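Chain order of the listed sequences is C and R. Residue 248 in my numbering sits at position 248 of the first sequence, with consecutive numbering throughout. Residue 168 in my numbering sits at position 168 of the second sequence, with consecutive numbering throughout.
Check before you lean on any hint, since a few could be wrong.
Listed next, the stretches of chain R that the computed footprint assigns to chain C, with coverage defined by at least 3 CB atoms under 8 Å from CB atoms of chain C [as the list claims (entries may be wrong)]: (1) 13-21; (2) 89-96.
Examples of chain R residues lying across from chain C (beta carbon under 8 Å, computed) [as the list claims (entries may be wrong)]: (3) G195; (4) R246; (5) R247.
Keep in mind that the hints were calculated from the coordinates and are not lab data. Predicted, not measured: the structure shown is a model, and the values here were computed from it. Glycine is no exception: its CB is placed at the ideal position from the N, C-alpha and C atoms.
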Amino acid sequence: MNSETLISINGVYRYYGNYCAVNNVSFTVERGEVLGFLGLNGAGKSTTMQIISGVLSASSGAVSIAGFDIMDAPRQAKSQLGFLPEQPPLYHDLTVDEYLDYAARLRGIRRTNIRTVIEKSKQRCGLETVGQRLINNLSKGYQQRVGIAQAILHAPAVIILDEPTNGLDPVQIKEIRELIKELGRDHSVILSTHILPEVQTICDRVLIIHEGQLVLDRQLENINEGKQNNIINIAFRQAPSLDTLNIIEGIKHIDQISDQQFRFELHPGSAAIDHIVRNSAASGWGLFEIIPETGSLEETFMRLTSGEKENL
Amino acid sequence: MNNILTITTHELRRLFKSPLAWVILAVVEFLLAIFFLILLNQFMNPGPWFAGRGATEIVIAGLLQISGIVILLVTPFITMRIFSEERRTGTIKLLLSSPVTITELVLGKYLGTLVFLVVLLALITLMPLSLLLGTPVDFLQVAAGLLGLFLLMASFAAIGLFISTLTSQASIAAITTFGVLFMLWIINLASTTGGEIFRAIFSYLSLLKHYNSLINGVFNSADVIYYLIICITFIVLSIWRLDGERRHQ
Chain C
1 MNSETLISIN
11 GVYRYYGNYC
21 AVNNVSFTVE
31 RGEVLGFLGL
41 NGAGKSTTMQ
51 IISGVLSASS
61 GAVSIAGFDI
71 MDAPRQAKSQ
81 LGFLPEQPPL
91 YHDLTVDEYL
101 DYAARLRGIR
111 RTNIRTVIEK
121 SKQRCGLETV
131 GQRLINNLSK
141 GYQQRVGIAQ
151 AILHAPAVII
161 LDEPTNGLDP
171 VQIKEIRELI
181 KELGRDHSVI
191 LSTHILPEVQ
201 TICDRVLIIH
211 EGQLVLDRQL
221 ENINEGKQNN
231 IINIAFRQAP
241 SLDTLNIIEG
251 IKHIDQISDQ
261 QFRFELHPGS
271 AAIDHIVRNS
281 AASGWGLFEI
291 IPETGSLEET
301 FMRLTSGEKE
311 NL
Chain R
1 MNNILTITTH
11 ELRRLFKSPL
21 AWVILAVVEF
31 LLAIFFLILL
41 NQFMNPGPWF
51 AGRGATEIVI
61 AGLLQISGIV
71 ILLVTPFITM
81 RIFSEERRTG
91 TIKLLLSSPV
101 TITELVLGKY
111 LGTLVFLVVL
121 LALITLMPLS
131 LLLGTPVDFL
141 QVAAGLLGLF
151 LLMASFAAIG
161 LFISTLTSQA
171 SIAAITTFGV
181 LFMLWIINLA
191 STTGGEIFRA
201 IFSYLSLLKH
211 YNSLINGVFN
221 SADVIYYLII
231 CITFIVLSIW
241 RLDGERRHQ
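With the rest of the complex left out, here is chain R (with noise of 0.2 Å):
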């Protein structure tokens, strides 16, 4: 457990120390607090399509919508140095060479991920709390909502983390891994045409499908189960493959 904390607290440090972190967190909020902005106006001003919906629903639930695919776009270049980077300048040597198991590297290194992503969770957050100075918000929504941008954030970060650990050029691990999860996002587009078979896999595979029934606050532990899955897996297949690596490099 001590080396998970040494191997996070230095991912944390090293990633607040490239200017990288601090852009991406001003990037991400500042496009969101725009589209904050708008869905406010919106709500304000509503037309016929919005009447008799409440705040939560329109501002909130609109921003992590919004959220999910900004989100989306940012992961990769934040998951895109973890093991491409330490591979390129051979420092995963140091990490190999030191009493600490694989397992232990990948899991440090993904929570240190996790905890920067909630840093970013919470800017966010502060954006529908402020509503609370106007109008009363439905806190169960916001709460089912928040899980789900959670969960979201963790399945891209496990998503970045394995693809990293393919490859020594982050810039190749960051397009593959916008690649894969923008893939995941729009799958259930397919399950519009084919049988209906084809149709509940691809609706199943989709990240947006689940997400969007937690930011409407539907909590169905079938769809946290989806996230847990997918981050369960990509965590495992990131050890298999550096353990394999080691033997077959």
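Bound conformation, chain C alone (with noise of 0.2 Å):
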């Protein structure tokens, strides 16, 4: 696998009115990643992948796809982009391949290559029988289908894909998962999903965005690993000070994540949540939850969109 930046986003905003929808968001995208962009509701992710579509643009910072910035040459990067929207981008007064055809057009394939990579597509994506239906009669599985036909029929390097996997059934789902794996090795793939075993199943890295900010970028082997039992979340009535907490031996660091909880790091077999226990008991601080963190993937999204930030 070479490692070859296709997708580079250097520092966007994007305002609507007063709101900052994407706040100083960065990152880059190599040749055979699939990336997972995860979010609740409203944190911008689809913002920002409309904006590295080009579909809108940002209020300040840069986006180049291929090596071509979306604003100054959007042509040539728009060639390299393949976009399938959340709600996707259909005609429905036409059949799947007329729609095909006129997307294969904008793309700008030659005339002479449109059959073949029609083809290919409806292929790849279970289309074959439904060429000459109109999509309004397709069930939504189908027309997702056409939606992500459209976007991968011109074999850009770079694929976007806002939450692709949508009103599918679980059949459907495994054949996109499939499908989006196949696309990942040869060309660049960005998915957003509110599925995070999907995310686990098929992505190569994680991008976590909260409030408009990147709070977390990391490679998905990364997360699961040897982090169990070190991190533990411990909650007091009566907390004391980070001082008094701060001096018990066998702790790296603590955050103090509300009045009540803490989140401790500790060194690696130290007795510390001991000493935790007994002077919680001594003091009378009244302890009433320990929780360690084993460092999945859901718990690390529970815990960054709830308004903790990781570093980077």
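Hints in hand, dock the two standalone chains.
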């Protein structure tokens, strides 16, 4: 796998009036990488994806696709780009073939190649049998597939899929995941989703965006690794001051999450928990919760989207 | 250029796929045929008012005058969906993420609408031409009139195009377009009151006034330029509007 940077986003801000939807987001995606884009509703996922696709322009900052700036060289940049918005951009009064033909022409595919390209894309998305049908009469799952077919038609270097498995049945979800994995081999894929296991099965890397800011950017394999038992969330009814806690031996770092909640990072193998429990009992801190952090994606996601930030 | 043609073809294909286009062609043709017959009847049995006037002047100029009004009524229905529907269904995102510039997009869609209106114009033209079976016709006056009708349609379409970029509700685009077109049509009525300058400005702005001189066979380049300015202005405004929306939506 060669490491060619296909998507590069640098300091992107986007305001809707005074509301800052995307706040200083920067990241890069290499060829052959599948990037999962996570966040709560309204976190700025769709806006970021639309900025990368050139549908919206950034208030400031730069986006380049395969080395072309999306604002300065939009034609070159966009010809390397396939985008499936949250709602598939379909013309319901056309047949699947007519629609894909139009999409192919818009992407500037040569007239002589159009038929082959459409056949290939239909075959990949399992649309061979519905070519002559009106998009309006297709089920939601098939419409979603037509949307994906449209995005991969021109074999773009960069494929951006906003909730691609939305509205599909479990069998279709599985098929689409296979397809995305396959696409990820020689393209860059960014996909957004609410489904955390989906990210775990198909993505190489995960980004979490919260209130417009990037709060996590990590290879997926690093998320589950060896942090077990070293990070513990503890809550006290009568919380002592941070200084008091800090003197306890075996603690690497403490973050105060709320008045009552603390997040302890311990030295491996230390007996700090014993000390904390003992001190709590002795001084009446009212310890009522001890939760070891397993470092799973779900937990990381919950923690980050509840307002806390991780060092990138 | 290729991109423009792709979009134009797509626009036409979708127009003719919907019953709307066919219904519009049929209704316009039907209404104008009735007017044509009425005008023809008046020409065959001329009252004192028509004495000394030819077929071109009475029947053809009269028909074109009515055509202008009928087309004013139907153009909003053709232009209302151009951008509003793309926005409502989200298909605009397909266009914006494709290697197509906004200028190409707007021109492509405008051309598509224009081609449809030319088809309509061709159907209307057949009626005056049928007069050739029985009477000579002043071709130059007819040509000036048809040019006028074409320019009028082109201006209506440009205004409708711009208004459809403003909303995602097709019906709002239609009624607004109708209001604006109607106002520009009758604005010269305002010139009967007010001072000298107002009179000049209002009567210059009126779509009707420039059209009237063309259908009466007066080819004045100022009239042609007036329509071209309207077309270009609203096309440029549409491009600005869509470009600005990407920035400030």
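> Can the hint on R:G195 be confirmed by a CB-to-CB distance to chain C that is less than 8 Å?
Replying inline: Nearest chain C Cβ about 43 Å off; hint violated.
> Does R:R247 pass the interface hint, meaning its C-beta sits closer than 8 Å to a C-beta of chain C?
Replying inline: holds, 5 Å
>> Three residues or more, CB to CB closer than 8 Å: is that satisfied between the stretch 13-21 of chain R and chain C?
In response: The restraint on the stretch 13-21 of chain R holds, since 4 of its residues have a Cβ under 8 Å from chain C and three suffice.
> Close enough to count: is the Cβ of R:R246 nearer than 8 Å to one in chain C?
Replying inline: Cβ of R:R246 sits 5 Å from chain C, so the hint holds.
> With a Cβ-Cβ cutoff of 8 Å, does the stretch 89-96 of chain R contain at least three residues near chain C?
Replying inline: holds (count 8)
In summary, the structure is inconsistent with hint 3 from the numbered list given earlier, while agreeing with all the others.
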